[in-house]
Amino acid sequence: MTKGFTTEKFMEYLLILLIIAFISILGNFAGYDMGIMESLPGMLILLVVALIGVTLADVIPMNIPSVVYISILGLLISIPASPVSNAVIEYTSKIQMLPLATPVLAYSGISMGRSWAEFKKVGWKGILVACCVMFGTFIGSAIVAEIILKSQGII
0 MTKGFTTEKF MEYLLILLII AFISILGNFA GYDMGIMESL PGMLILLVVA
50 LIGVTLADVI PMNIPSVVYI SILGLLISIP ASPVSNAVIE YTSKIQMLPL
100 ATPVLAYSGI SMGRSWAEFK KVGWKGILVA CCVMFGTFIG SAIVAEIILK
150 SQGII
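Going by numbering that gives the first Met the number 0, 25 is the number at position 26 of the sequence shown; the sequence numbering is gapless.
Since the hints were made in silico from the structure, they are not lab data.
In this text, a Cβ means the ideal position worked out from N, Cα and C, and glycines have one as well.
Certain hints may be false.
SDA-like mimics (lysine to any residue), calculated; alpha carbons at most 20 Å apart, straight line [what the hints assert, rightly or not]:
(1) K8 x V103
(2) K93 x A29
(3) K120 x G108
(4) K120 x C130
Quick list of the computed label-pair ranges, beta carbon to beta carbon [stated by the list, open to error]:
(5) G152 x P82: 37 to 47 Å
(6) E37 x A116: 36 to 46 Å
(7) A86 x I109: 27 to 37 Å
(8) G152 x F28: 27 to 37 Å
(9) F28 x C131: 32 to 42 Å
Starting from the given sequences, assemble the full structure and let the hints guide the process.
Given below as structure tokens:
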């Protein structure tokens with residue numbers, strides 16, 4: 000996709016985000032026994048924030064990834080100084096992380112599969128680096144968890 004806002008791009012973003020939201024709500028229901036209607040307001044908030052973020056990335060003529068806009072917008076509406084923060088936090092706290100991550104990662108995998116030629120350009124060194132990063136992140140998280148749990152006397 001080229002830089003710049005078009006209705007076609009907006010509709011594509013909306014469709015992708017709606018599919019991800021639908022799968023996430025089902026995952027939240029199946030995995031965490033959170034009611035669909037109970038999850039809906041939080042999911043709509045997340046969907047609107049993501050949609051505004053990807054739209055801003057297209058509209059603003061700077062080369063900044065949409066995740067930056069999404070993060071800033073999410074931060075602004077959830078900080079205590081925001082008049083909507085209590086509602087945002089209350090509704091979005093009903094959405095668990097794993098049901099959100101699953102469809103996003105699946106979509107990323109499908110996107111990667113569509114550009115297999117580009118993936119092959121990364122080569123074995125890129126795969127090795129990715130594995131090292133994942134391993135390091137896992138070990139680092141385990142060490143931090145171990146320290147915190149021991150300091151609290153839980154283990």
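Okay, the hints, checked on the actual structure:
no. : hint                   : in the structure
1   : K8 x V103              : holds (18 Å)
2   : K93 x A29              : holds (13 Å)
3   : K120 x G108            : holds (16 Å)
4   : K120 x C130            : holds (17 Å)
5   : G152 x P82: 37 to 47 Å : holds (40 Å)
6   : E37 x A116: 36 to 46 Å : holds (44 Å)
7   : A86 x I109: 27 to 37 Å : holds (34 Å)
8   : G152 x F28: 27 to 37 Å : holds (36 Å)
9   : F28 x C131: 32 to 42 Å : holds (36 Å)
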